[in-house]
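*Asks:* Using the hints, position chains B and C against chain A.
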Amino acid sequence: MKTGIFICHCGHNIKHTVDVKKLSEYFKKFPNVTVSQDYVFVCSEPGQDMIKEAIEKEGLDRVIIASCTPSLHGEMFKDVLKKADLNPFLLRRVSIREHCSWVGDDIEANTEKAKRYILAGLYSSAHHVPLEEKIVEVEKSALIIGGGVSGLSAALFLSKMGMQVYLVEKEAELGGHVRALKNVWPSGRDGKSIVDEMVAELQSRNNVEIFTSTTIGGFEGFFGNYEVKLDTPEGQRKVIAGGAIIAIGFSPFDPSIKPELGYGYDKRVITTLEFEQNVDQLQLPENPRVAILHCVGSRDDQLGKPYCSRVCCVNALRVGDALKSRYKDSYVESFYMDVRAHPKGGEEFFEDTQEKGVLFTRANVAEITPTPTGVVVRGEDTLFGEIFERRFDLVVLSIGMSPPEDSKLIANLLKITLDKDQFFLEAHIKLRPFDTAVKGIFIAGSCSGPKDVEESINHGRASAVKLFGFLNLGYAYVDPFISWVDPKRCSGCRMCEQACVAKAIKYDEEKRIVRVEEAACMGCGLCNATCPSSAIILKGYIDRMIDDEISAFMEAI
Amino acid sequence: MTDEAKEKNPEIVGFACSYCTFKASEMAGSLRMKYPEGVKLIQVPCSSRVDPAFVIKAVFEGADGVFVAGCHPGDCHFIKGNYYTRRKIVALKEMFDAFSMKEKLRLFWVSAAEARRFIDKVTTFYNDIKEKKNEREKA
Amino acid sequence: MKGKKLKTGEIENALNRFLKDEQHLVLGFKKDESGVSHHIFKGSLDHYSLLNPVFGANAALYLRRLFSKGSQVMLMLRPCEIRACVELNKLTQIEREDIIAVSIDCPGTVSSKEKKEEVPAELHELNDYFKNKDSMRWACSVCGEKRAVVGDAGIRIDEKGNYWAIPYTEKGEVLLSLIDGEPEEVPAELLAAKEQKKDKFQVDMEIFNKDFEKCIMCMNCRDMCPVCYCIDCVFNGDEYLPKGDALLNKVFRIGSVKMPRGKDLFHFIRMYHVSQTCVGCGACEEACPQGIPLTKYFKGVSERLQDIFSYMSGRSFDEPIPYVTFLEDELKDATD
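Chains as they are written, first to last, in the numbering used here: chain A, 1 to 557; chain B, 558 to 696; chain C, 697 to 1032.
Here chain A stands alone, though its shape is the one from the complex:
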């Protein structure tokens, strides 16, 4: 066996707390190691060339790359092996950055830890075998769940790129929350006109099918060929989608959960959404006194909503701005924690509003009590440390975004993960912000966390671009990490069959052993762990690999 070990400095990221030179020297003396080298950036082009050359020149049959975590640069390094005519599954990635250099400060301890990790990779890689990725055909169609602005923009893009689009909306009308907005910041456009424009364009296209008042009844299959059951008002429809984009938006926070805000039983306490819709019907005195409360349903640990909803500060500013434009001599006071007017032009808008005369008080509001003579707001001014009590004609609650009500349902159906706040979880917050952990399923818009209209449209488009890239190829590789039964060792006890969640194991009455239906196998390895004699094995994670990793960690080999 000829193993090549390539240890990455990752600039300073690994090198500063792991003695990479010592490691590359150490592994040189192992009998099965032909090349042991450290390099400043293994992922750079010269780095990739170095690996390719070493494989070709030395005839390496195992490659170990000790660098960042395996989920990064995975495909790229596989391609390096492919280019050098080596099966990509003879590659072993060892994480010495996320799991070593970044999590400890002691250089000696980290070097020792990295050594054991590489050792584990070395022993385990001896059991790697060439595996063939299966090629499956990909249906050039996309399911888009949610017909808000992000779903609409994703649908438009995919349709224009020639993909068949199935757009599913739970409500009777497309457009989501944006349809109800009167004045979308900063353009000032009517939300209805924005969505109507998009919907009209979509309806004119002949490769788009729109299902309103429709829910998802079932979602089966795998990337390239998802079988989707749609519960439409006309009955169930089945469609085949190559991939899916989830764009189910958000639920506006319901302030009645916090009774101290006095919301829900007095029409003088309203939300920003209600203010926007009914601004003409508000019966306010000539010079009204209005309080605006920030962060309602956001940054609130007690509610289990510790996140910032990102749109509500600008919404609060818009309310102040609208009031000052209507009633020049009004008294408008904004109670805030921090003003986060992050979008482009937001900071200027904040200053503008201040100039127009909106007062900003940094405060913790404890209680809002509607009384016949006005709405009383009690709280603490956190800059001056004073308790205050003021009377207003109107209180506007700048509500945040809560996760969509159906997030759990969709997550279960599509087998994807939610984050701690019940929004959908990105595969990687920075590197793969549109992907989910499931191949071919993307997220768009505020269902993965609060976003404003502009961001939602962009997010929708970006997810569509990513999905288009996958669909347009027309084929996909499937990970070969599925289970396999050794017919000579199987006792036919059917324990694995009973446990298998995917129902991928079938019993052969003739031979009295089991076999695996490859297309159905999810690759979890439950069967392997259930079989007492490990006669059924999960390729890529066989017992010997894991056993040797343990032994290497414990220096027992």
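Read the hints as simulated data drawn from the structure, not as lab findings.
All C-beta atoms in this analysis are idealised placements derived from N, C-alpha and C, irrespective of residue type, glycine included.
The reader is advised that the hints may include incorrect statements.
[As the list claims (entries may be wrong)] Here are the computed distance ranges between Cβ atoms for each label pair:
#, chain 1, residue 1, chain 2, residue 2, range
1, A, E510, C, D1014, 40 to 48 Å
2, B, N691, A, V136, 53 to 61 Å
3, B, N691, A, I107, 44 to 52 Å
4, C, D1003, A, H342, 23 to 31 Å
5, A, E108, C, D1014, 56 to 64 Å
6, B, M658, A, A341, 54 to 62 Å
7, B, K695, A, I107, 25 to 33 Å
8, B, N691, A, E351, 34 to 42 Å
[As the list claims (entries may be wrong)] Some chain A residues flagged as far from chain B (calculated, every beta-carbon gap over 10 Å):
#, residue
9, M1
10, E274
11, E276
12, P343
13, K415
14, A519
15, E555
*Replies:* Quick look at chains B and C alone, frame taken from chain A:
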């Protein structure tokens, strides 16, 4: 690090599922959170891949502690895998208990987003084991 | 519950009636000059013995992967043997259609290793014999389930010494239909479960190491275990055994080390593998040439592990083995 210090520092092997705990550990790394170097992870596709034999092997090869960590119940990427893990590991814990070494095995649920929880869980485990180990050595 | 009271010789009559069919067999005990042993009868019984006072092996061992192709075997065995058969049925090693499992009240047995003199095979003599507690096998002396309440039917003995045949399943009715007489109410004493106080098995590694010091890794315990059914055991390979070259690597890298003992791994992993299916029959201990008290460990551990899931190996044909099923809402304090 002196040999003496090495001996006193526990070795912990953790089995982490690719979709939750391993992701959390990646995130913990990206956020530069620190945890003891004695904690080493083995990546498995799902916590249900963890054969109790692995745990037993790790213990008899000298691990002071072993943990199995996966997605929260109901959140398994493979839908139900972690419910089986729970049964198996609970049984194994009972077995370890019968041999008065219950403290060597732990089961955690850590989701992909819970980097902080991952750090808390492994650090507490490490410290508990270390305390016990040093106590025993003194005695 | 109804059953039939058995007249003297009636059980033999019933079995002989059963054996009239070409395809029918009876697995039970035969008594001849060399003693009592497992025997498979075809055609008719010959020197049949209902009880076997000596435990050599668990008969379920012989039934593994015995797929009878249309024949049917009436098993007339001890409760621990029937329980092992039930477990093997769940593991598809014995087909349900092929067997009628009849358990027989067990007065306890003598170890085949300690058999010094002639042991009586008749019930009343045996009961006298076992008045001396030390003459019973340890596994039997701690056995909590000697009553024939498992399988398709049971042969029970009431306080007056009457024998009863009691059916538990439809297949059990087959046995009953072969017996003369009308079914009548079974005496209450046979229905009452004995209250048992079980001490939780508890040892530590020091005791374990001492007990297993003598183990020579012959793996006889595995080979004779009725529920260790794998046709190719993981321990046939070298995954879990110490590797010579690996050991040398280690010595050269980190200096002198303690010799690894693969036997800890072997016994622990095997203990886990049989934890839900072990019936505590003690066949392993019977097979151990070194006299290691294996029953204490295997029975003790498996009872603790089965208790978690309110499971009892061999109690019922329908309960799934706990490791291949789950409830979403259970084991609330599983995590740390």
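*Asks:* It remains to establish, for every hint, whether it holds in the given structure.
*Replies:* Verification of the supplied hints:
1. A hinted range of 40 to 48 Å for the beta carbons of A:E510 and C:D1014 is inconsistent with their spacing of about 26 Å.
2. Between B:N691 and A:V136 the C-beta distance comes to about 55 Å, which sits within the given range of 53 to 61 Å.
3. The hinted window of 44 to 52 Å between B:N691 and A:I107 is violated, with their beta carbons roughly 24 Å apart.
4. The hint said 23 to 31 Å for the Cβ distance between C:D1003 and A:H342, and at roughly 57 Å that hint is violated.
5. Judged by the Cβ atoms, the range 56 to 64 Å given for A:E108 and C:D1014 holds: they are separated by roughly 59 Å.
6. Against the hinted window of 54 to 62 Å, the Cβ-Cβ separation of B:M658 and A:A341 comes to about 58 Å, which satisfies the hint.
7. A hinted range of 25 to 33 Å holds for the C-beta pair B:K695 and A:I107, which are about 29 Å apart.
8. Take B:N691 and A:E351: their Cβ atoms lie about 60 Å apart, and the range 34 to 42 Å is violated.
9. At roughly 22 Å, the least C-beta separation between A:M1 and chain B is larger than 10 Å, which holds for a residue marked as non-interface.
10. Listed as outside the interface, A:E274 is consistent with that label: its C-beta sits roughly 33 Å from the nearest C-beta of chain B, beyond the 10 Å cut-off.
11. Every Cβ of chain B is farther than 10 Å from the Cβ of A:E276; the closest lies at roughly 32 Å, confirming the non-interface assignment.
12. The claim that A:P343 lies off the interface holds: its Cβ sits roughly 25 Å from the closest Cβ of chain B, which is beyond the 10 Å cut-off.
13. A Cβ of chain B approaches the Cβ of A:K415 within 10 Å, the least distance being about 6 Å, so the stated non-interface status is violated.
14. A cut-off of 10 Å between C-beta atoms confirms that A:A519 is not in contact with chain B; the least separation is 16 Å.
15. The non-interface label for A:E555 is inconsistent with chain B: the shortest C-beta to C-beta separation is roughly 8 Å, within 10 Å.
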